[in-house]
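K.L.:
The chain contents come next:
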Amino acid sequence: MDPVTFEIIRHRLFRVVEEAVITLKNVSGSPTTNEGHDLMVSLYTASGGLLMGGVGFLHHLSSASEACKAIIRRFGASVSAGDVYLLNDPYTAALHTSDVYLIAPIHYQGERVAWSACFVHVNDIGAMNPGGFSPEARDIFHEGFSSPGLRIVQRGELCEDVLDTLLNMVRSPEMVGLDLRSMIACNHVAAERMCALLDRYGAPALAEVGNTLIEQSEQLLRQRLSELPNGRWHARQYMDVEGKPVTIQLAMTKKGDALVFDFTGSSPQLDRGVNCTRWATWGGLLAPLYPTLCNDMTWNEGILRPVSMIAPEGTVVNCVRPAPVSIATTAAVQAVNNASLLCISKMLAASPDYASEATAVWHGSHLCLYLFCRNARGDTVIGSTTETFAGSGGARWQRDGMDVGGEIPNPISRMANVETNEAMFPIRYLFRRRMRDSGGAGEFRGGTGGEYAIVPHGALEDTVGFVVSGKGVEFPMGHGLGGGYPGAPGRYVIVRGGGDGPGAPLALEEMADARQEVNWGVYSLRGKDVLYVRWNGAGGIGDPMRRAPEAVAADVREGVVSVEAARKLYGVALTPALEVDAAATQALRRGRCNGSSQRSKTMLPRTCRSCGYSEPAGNFRIVERLMRELGSVYTTGAHTLLREVRCPACGEAIDAQVAARGDPPIIDEVSQT
Amino acid sequence: MDTGFVVAVDVGGTCTDCVVFRPGEPLRIGKSLSTPPDFAHGVMDAVRSAALSMGLELEALLGETALFLHGSTVVDNALLTKEGAPTGLVTTAGFEDTLLMTRGAYGRWSGQPEEVIKHPVATDRPSPLVPRTRIFGVRERVDKNGEVLETLDEPSVEAAVGALLRQGVRAVAVCLLWSFRNPAHERRVREIIRRMDATVEVSISSEVAPVPGEYERSSTTVINAYAAGVTRAYLEELSKLLSRARYGGELLVMQGYGGLVPVAEAAKRPVGMIECGPAAGMIGARFLGDVLGDADIIAADMGGTTFKVGVISGGELDYAREPLVDRYHYIAAKLELVSIGAGGGSIVTIEPHTRRPKVGPRSAGSRPGPVCYGRGGAEPTLTDVAAIIGYMDPRTFLGGALPLDIEAARRVFEHKVARPLGMEVEEAAIGIYRIACAQLSDLVRSVTVERGLDPREFVLHAFGGSCGLFAGAFARELGIERVLIPFTASVNCAFGMVTADVVHNYAVVQPVAAPVAAESINGILQPMAEQALRQLAAEGFAPEAVRLKWAVDLRYRRQVHQVTTPLRLSGSAVSGLPVTEEAAQRLLNDFEQLYEMRYGRGSAFRAAGIELVTFRLTASGLMRRPDSRPEPSGSEDATAAQMGERAIFVESASGLRPARTYDFARLRPGNRVPGPAVVHSAITTLVVPAGQRAHMDGYRNLVLTAG
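As they're listed, the protein sequences go chains W and B. Here the first sequence is numbered in this note's numbering, starting from 1 and rising by one per residue. Here the second sequence is numbered in this note's numbering, starting from 1 and rising by one per residue.
Hints may contain errors.
Going by beta-carbon spacing under 10 angstroms, a handful of chain B positions derived as facing chain W [as the list claims (entries may be wrong)]:
id	residue
1	GLU150
2	TYR215
3	LEU251
Only some residues are given here: those of chain B computed to face chain W with a beta carbon under 7 angstroms [to be verified]:
id	residue
4	ASP97
5	VAL121
6	PRO212
7	GLY213
8	ASP405
9	ILE406
10	PRO420
11	ALA438
12	HIS561
13	THR564
14	GLU596
15	TYR599
16	ARG606
17	ALA608
18	THR614
What the hints contain is simulated information worked out from the structure, not anything from laboratory work. Just so we're clear, the structure is a prediction, and the values are computed from it rather than from any experiment. For glycine and all other residues, C-beta sits at the position ideal for the given N, C-alpha and C.
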């Protein structure tokens with residue numbers, strides 16, 4: 001096929017996905033879908049391989065592929081044109097029960113030529129806690145309706161009995177009904193547009209383009225991998241669940257043109273819904289791959305081929321039924337995202353050609369908030385306030401991260417306006433802003449997270465219930481790179497009688513002392529009770545003592561870094577007018593970062609970028625301190641350490657690791673051969 | 001006014017266009033280069049050029065001019081070049097970061113193409129127009145019902161304003177939470193600012209953008225304040241130049257929603273002027289549609305760098321939902337125009353790894369321009385592609401002022417595109433032409449399909465220098481049966497102004513649950529009608545020249561989509577009031593129909609109940625239109641206009657075939673040009689594909705149809 005026709009068909013395939021996304025957003029008027037963009041639409045080959053991945057939550061691209069394959073296995077020859085299938089069983093393919101896949105075969109002239117699949121986070125799935133994330137669940141049976149494959153539309157006819165059965169099991173049947181209808185419509189549009197494309201170019205041409213695109217993406221990724229150094233990079237993420245740390249341990253090995261992700265050493269599965277099934281981990285490690293290593297490629301099956309995974313069974317990254325998983329997408333999946341991104345970034349940073357693509361970990365942990373209550377009229381209202389999709393941008397090579405800048409696994413996320421949320425829920429915000437000092441310190445600073453506080457306003461009986469399942473509270477999950485610090489952790493706090501009305505507090509510090517940390521579970525606010533939520537900042541890059549003092553002063557004037565942090569983390573002293581005090585700054589930085597200002601264009605393990613000191617045996621100075629010594633926003637406990645790896649020659653930190661007391665340091669290896 | 005001229009001038013990025021008309025006389029056209037940053041001088045140049053074509057001095061024309069209509073890119077330009085005033089923002093304490101957070105990554109990916117969205121590590125927000133150090137929170141709070149929870153703390157306002165003034169701020173935007181439900185606090189803040197410094201520009205969000213959504217409202221108010229000084233100075237300079245040139249009438253300024261307002265009002269609300277030229281083009285397209293009996297129109301404008309599309313459906317214009325200007329979000333009543341970076345100057349490249357050909361988004365602009373212009377352009381563009389496949393005339397471009405070097409275009413194209421693709425030059429050029437057509441038709445498709453419209457039911461109006469090269473081909477891909485190249489295509493936006501009315505928009509946000517008694521709706525609408533009638537009367541419109549149109553934004557409760565639904569009334573001739581119970585019921589039915597039309601069957605959500613949110617009034621003062629009497633049609637035979645013969649690309653033959661070329665200026669009403677053929681004018685080129693024909697109608701528009 002000539003390259004021109006090829007390009008036209010490729011572009012049209014992408015447009016098919018875009019049009020289907022528009023339909024999804026239009027029909028589902030849900031805030032989570034529309035304001036938060038918690039969605040995904042993609043096309044799959046006739047046998048279920050990823051053909052054209054769209055934007056949205058990227059860890060779903062491969063899981064929905066597994067879902068297509070599961071439907072093929074289950075329904076075999078009975079799959080007909082006009083069918084739509086529902087699948088949300090995490091032990092078959094889904095990530096958790098409330099991210100429901102709707103999957104439809106695309107037939108042309110009697111032949112199945114492709115599949116379309118989409119998901120939205122439905123408003124409720126009938127789990128024990130409202131909204132889908134169930135902190136009180138102890139096994140999958142607490143987590144609501146789950147199906148390994150169900151025909152919901154048969155040859156174009158909606159199976160009303162099936163739909164009604166589903167809606168009979170959820171708390172807000174109208175909203176969920178609309179969520180499901182939006183996905184049916186979305187698949188319908190995808191099929192219609194695909195058929196128009198086939199009318200024009202024919203099935204063989206489309207198949208050829210599909211296959212070639214997949215081969216191209218595979219070749220491009222293999223080519224890129226072979227241009228990168230071989231090595232073995234590690235990341236360790238801690239999720240604290242009700243105070244107990246859970247470890248996700250990753251070793252990523254790159255050899256030649258292949259990548260292996262090995263999760264050996266990760267914690268055993270838990271009886272809390274943070275676990276990942278195998279496909280969730282697979283989707284989670286791939287998600288950051290697309291927009292980093294593969295941002296200039298078509299996102300399809302070819303990208304999966306050079307990649308493999310080792311995930312021991314019975315662990316938090318490959319749990320066994322009936323372990324609960326309802327929180328997976330904001331727990332272990334995200335920890336896997338973070339670990340994978342960090343390893344990929346370390347690999348990129350080791351190459352002079354690709355270092356500019358390296359980034360510290362973005363938005364390390366979702367701090368979702370599901371509200372359930374009744375408004376003044378008595379209507380039941382359930383939903384997410386969507387700040388968790390606002391995220392925080394990790395530092396980039398030679399550039400700061402974006403404050404409240406989103407996240408890598410979903411390139412098109414956003415949050416709703418305060419006014420939208422106040423109109424939707426009977427609440428009032430006291431404040432919502434960037435969180436000072438939450439961006440990981442570094443030569444290039446990580447983007448800040450944010451903070452907000454709400455109080456019931458116009459709720460029936462002045463009461464608002466909420467569900468939270470916070471991770472990354474004891475251990476920051478937005479890790480830094482090359483000596484950059486992790487972003488500050490998040491938290492949820494109830495302040496009983498915290499305030500409302502004239503003179504309402506504008507900061508947590510201004511509120512009464514009756515504070516209750518509520519990171520996990522189901523709670524309610526009454527009257528003047530305040531819920532304070534803080535979401536985490538992103539990681540920095542490079543030793544903070546390297547940051548240009550002017551940039552630190554600008555951050556202080558902007559209100560995103562405190563004077564104390566400037567002094568303590570950055571070694572920058574400021575005058576009362578918030579200008580740099582050069583002499584005092586020099587004194588504070590004495591003994592640190594004495595290497596050259598001309599630095600290596602790469603970041604290599606156990607090698608100092610400034611003075612070139614290199615010690616294969618790892619004879620670097622380890623400086624350990626309690627994470628909470630970084631500042632008051634690091635509200636971590638007595639087991640959370642910041643472990644800096646400093647150059648013995650010039651004093652520059654080449655790594656800053658998050659560690660639980662007793663865990664060994666992380667040591668990466670790179671071989672240039 | 002009846003005997004004077006009406007002069008309309010549109011300032012675009014490259015050219016300033018002028019249209020002059022007087023009842024009973026043909027339209028006159030003037031054109032000159034735009035003169036940034038002093039655009040007002042270019043305006044006078046364009047009027048002078050029109051006057052010249054009429055054999056008049058500038059002063060003689062303007063001395064007899066009754067009305068001067070104007071649209072300008074001055075606001076767009078101030079944002080693009082960051083030449084607005086140092087601006088501060090006053091907002092509700094606790095929410096100082098709203099503007100900078102841009103609702104998370106939204107400000108980063110919004111309006112970006114596929115390649116950029118897929119590469120988050122490389123993308124950033126645009127730098128804010130107001131830095132954090134010039135944003136101050138003041139203690140106050142209003143809730144969603146407009147109730148004051150905390151009164152405005154005036155000392156904190158004074159402190160904030162004092163600090164801003166010390167920082168040298170020349171404009172202040174004020175955006176407080178829920179101010180559109182209760183503007184008292186914002187107005188009070190303005191009074192305090194004025195008291196402290198009467199020379200500072202002040203914009204308050206409850207006047208600039210009285211709608212929900214504090215991020216977008218802040219952004220809009222900031223843009224308004226930022227551009228206020230530049231806009232005022234520009235409009236004052238223009239008024240001065242006009243009166244010096246003996247113009248004594250009123251100056252009306254075009255707005256992005258497609259209506260005109262008096263200059264004093266335009267100066268207060270610069271955000272209204274964003275993209276007002278293309279909006280005027282849409283009004284002109286609707287006027288042509290009225291004349292020709294077309295209610296469903298896709299208007300496509302393609303110049304050197306962008307391809308812009310707007311849609312008129314059932315005679316109704318469509319309004320933008322999440323508009324952006326230079327990547328900044330704003331909310332304003334603004335006609336929806338969607339664009340991509342595809343124009344005659346778009347550069348064609350080959351991706352090294354995949355050998356994939358790409359068109360744009362980089363553009364060679366008009367300088368250095370395409371290779372074939374011979375002005376130093378060294379990268380192949382779409383215009384070069386058109387030249388290689390025979391669509392450009394090497395001798396008559398710009399009336400012969402710019403001979404085209406097609407051989408140079410071939411050489412560069414072969415080296416940079418054809419050879420890397422492993423194709424022959426013509427074959428590769430044909431391929432690139434097809435890619436461009438596919439991109440254009442995809443954009444048109446997305447613009448229509450997103451609104452639940454079927455492009456096959458529309459007529460396509462093709463404007464701008466490059467659109468005629470592609471229109472026939474991409475219209476066929478979309479199944480569009482008729483393409484119109486208006487006689488005024490080259491001065492489309494200025495022409496649109498002389499077909500526009502004076503229009504004021506009013507909106508009141510007051511959520512009420514259905515069913516609503518007609519009486520309570522009347523209670524909301526009546527004061528709006530009175531305000532509008534007063535304003536138009538003050539502008540000299542007699543009641544019979546006034547039309548009020550009503551609409552209501554409704555939504556299903558707990559859903560995010562709102563649909564603006566016309567409120568159809570049959571009361572008074574001017575205002576339509578009062579609302580009857582039937583009309584109130586009809587409104588709900590119309591809403592449900594529109595909702596399903598836009599969001600698909602099955603999307604309606606009756607069970608949740610319906611809420612009326614915003615009441616809208618569009619008040620028009622009707623203006624005199626240009627005459628629209630057709631000339632009698634003559635012979636079909638177009639031989640007299642034939643220029644010659646040339647090999648051109650013919651899609652049905654998949655290659656180059658000999659075809660006739662015609663001179664637009666020599667075509668007469670009634671003439672038919674059978675395809676394959678090319679019609680050249682000094683400014684544009686129309687390709688007539690094989691199997692189609694072009695017909696000149698009585699208004700000298702060219703109409704492309706099958707046949």
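K.L.:
Does each hint fit the structure? Answer for all of them.
P.N.:
Hint-by-hint comparison with the structure:
no.: 1; hint: GLU150; verdict: holds, 4 angstroms
no.: 2; hint: TYR215; verdict: holds, 5 angstroms
no.: 3; hint: LEU251; verdict: violated, 37 angstroms
no.: 4; hint: ASP97; verdict: holds, 4 angstroms
no.: 5; hint: VAL121; verdict: holds, 5 angstroms
no.: 6; hint: PRO212; verdict: holds, 5 angstroms
no.: 7; hint: GLY213; verdict: holds, 5 angstroms
no.: 8; hint: ASP405; verdict: violated, 25 angstroms
no.: 9; hint: ILE406; verdict: violated, 21 angstroms
no.: 10; hint: PRO420; verdict: violated, 9 angstroms
no.: 11; hint: ALA438; verdict: holds, 5 angstroms
no.: 12; hint: HIS561; verdict: holds, 5 angstroms
no.: 13; hint: THR564; verdict: violated, 15 angstroms
no.: 14; hint: GLU596; verdict: violated, 10 angstroms
no.: 15; hint: TYR599; verdict: holds, 4 angstroms
no.: 16; hint: ARG606; verdict: violated, 9 angstroms
no.: 17; hint: ALA608; verdict: holds, 6 angstroms
no.: 18; hint: THR614; verdict: violated, 12 angstroms
Hint check: violations occur at hints 3, 8, 9, 10, 13, 14, 16, 18; the rest are consistent with the structure.
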